[in-house]
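Engineer: Generate coordinates for the entire structure from the input sequences, incorporating the hints supplied.
There are 2 protein chains.
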Amino acid sequence: MQIASPYLLFIGDTTNQLSIKMACSAADWRPELCVGEYRIDGCTVSTGIKKLDIRQAVAEGAKSFILGFANSGGVLDKKWFPYILEAMEQGMDIVSGLHDKLTDFPELVAKAEQTQQKLLDIRQPKLEFVTGTGVKRTGKRLLTVGTDCSVGKMYTSLAIEKSMKKFGLNVDFRATGQCGILIAGQGVAIDCVISDFLSGASESLSPNNSPEHWDIIEGQGSLSHPAFAGVSLGLLHGSQPDALVICHDLNRTHMRGLPDSQFPSIETTIALNLQAAKLTNPNVKVVGIAVNTSSVSIEEGQRICAQLNEQFSLPCVDPLRDTADSIAATLV
Amino acid sequence: MQIASPYLLFIGDTTNQLSIKMACSAADWRPELCVGEYRIDGCTVSTGIKKLDIRQAVAEGAKSFILGFANSGGVLDKKWFPYILEAMEQGMDIVSGLHDKLTDFPELVAKAEQTQQKLLDIRQPKLEFVTGTGVKRTGKRLLTVGTDCSVGKMYTSLAIEKSMKKFGLNVDFRATGQCGILIAGQGVAIDCVISDFLSGASESLSPNNSPEHWDIIEGQGSLSHPAFAGVSLGLLHGSQPDALVICHDLNRTHMRGLPDSQFPSIETTIALNLQAAKLTNPNVKVVGIAVNTSSVSIEEGQRICAQLNEQFSLPCVDPLRDTADSIAATLV
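In the order they appear, the protein sequences are chains H and W. So that you can map any letter, position 12 of the first sequence is 12 in our numbering, and since no number is skipped, the others follow by simple counting. So that you can map any letter, position 329 of the second sequence is 329 in our numbering, and since no number is skipped, the others follow by simple counting.
Think of the hints as simulated: they come from the structure by calculation, not from any bench. Accuracy of the hints is not assured; some may be wrong.
The list cannot tell twin chains apart, which means a pair is met if one copy fits it or any two copies do.
Pairs of lysine to aspartate or glutamate, EDC-like flavour, derived with a Cα cap of 20 angstroms [unchecked claim]:
1) Lys78 with Glu128
2) Lys101 with Asp41
3) Lys79 with Asp249
4) Lys136 with Asp260
Structural biologist: Here it is, written out as structure tokens:
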């Protein structure tokens, strides 16, 4: 699967910034691949890049029309079909990270055949997996884990990869979600794998490698999230991480989407993840804490990170405001 | 989905008793639905019921040809095609609990159309699921959890249901695997659900019910199994159990299929499951221990159960040798 670039990021009429993380992640981490974003009336959020419509984007060379929004359940609303059909007519492939498959809609398949464009469901794993084995692999692995969903695990992983590359380390980012796959051009959408193969697919994502090589694996969900902890645990066991980085967003009081839920402390998150990770790697350790401090001032964010650093004796940073150098330095 | 009875249980040339648990479970729990088993040269195991070939079974009224074996990965070996084709020609539907779908093989689909027989992939969930919510449901739930895979969680669940019915309780067995679905005629093969919907599918399996009603939910895998713990955790969170029963097989020294793995103690299994279950039901408790003692004498098995009973202050039984009355009695 190869996604043709550059991209036009379609964010529709979205009003929730968390819902366009697919578009934002491409705009933030691979701006050179994005000609612009396309938003329609009613949209109140933005990726921050240039606004274009379909014709303008094609004139600037856009090759892929990215469905840059998500929703719980990953449903493809038919109200977007006119935009998708027009994009194909104008010469773009369609890229979706939703659960619903583009290729399940005859109207879209017919247009794709007529226009010779591709329908790419990047969330649908194309590979055949086997069940997990728990057998130790060579090379080293870091997994980002979270207090909740959508707290910055992918961004943290990418920031750590960036810092490690700067330090001259041999490192690869391993994508486990649609946003990461859009950025990396490959990976496995782990929450779309059949449950029986969760750990096996996770094992295949970071295969045997040279002893000094690091895989930086994008975490998913949270062991404390009632809906998604199973996915988090399968990924954790299959990843066999040597190093964990705890990710947290200051702006949370309950688990994403569940107003009545309890939010876990960082202590609890460390304890739960270390306990579970030891099943497949007894030598696992936590090497840092990454905090999304965007809900407070820079100074307040730094104060909180310094406090967490002291409390846990671990590097603690906002990887976007500060870089992840201090965490990457523990891996040299 | 309705499975036509009676069944012919096909166990092929299997040499591993654990691999024919689908056939055995039907023979043990619904003997009135089974006309016999069909085994071929090389087979060294048995369900213990009458041996018949396809023609003999049809003469005795068999309506469904059950693929009664399983393997890691759930692959359908093409060497079984001649038997499947003959069964359809003789007037039987085909029932499979493998991951590989009967309906994905054009040769089988063509024969099914020609003979007007059905291909039933009971492991493939037909329902559409949503992601989990963690919202508390009415009614009461018991989940069986294990030290390992294949230690008797389904048998224990069925034995508890049987004892509870004897006590006049309002109870339903909820099947989560292909064997249970064959027995119950409905259910969700939870390890075949897309990971994102693990908890949501588990929630849908035991919906709101009357306050005194009990669902006895068949557990899957083990929180200590490197390959399948994610499935176990999603099922645990979605089930919101009020009561847990710990299942164990005396005849294990390592996790199924993983010779180098560590086997968890019953203490560890209790602690891990209670800790995780409290996320969606803070009032959860362990109400019993079910031990498969078939590897030792009846007397030795009873001695071990008595010792565990004393050690944990919980009813401890071999539900097949002793019934599960003492566990069911805690739920009256």
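Engineer: Determine for every hint whether it applies to the structure shown.
Structural biologist: Going through the hints against the structure:
1. Lys78 with Glu128: Between. Shortest inter-copy distance 18 angstroms satisfies the 20 angstroms Cα cut-off; intra-copy 30 angstroms does not.
2. Lys101 with Asp41: neither (26 angstroms within a copy, 45 angstroms between copies)
3. Lys79 with Asp249: neither (33 angstroms within a copy, 54 angstroms between copies)
4. Lys136 with Asp260: between (39 angstroms within a copy, 10 angstroms between copies)
When each numbered hint is compared with the structure, violations occur for hints 2 and 3.
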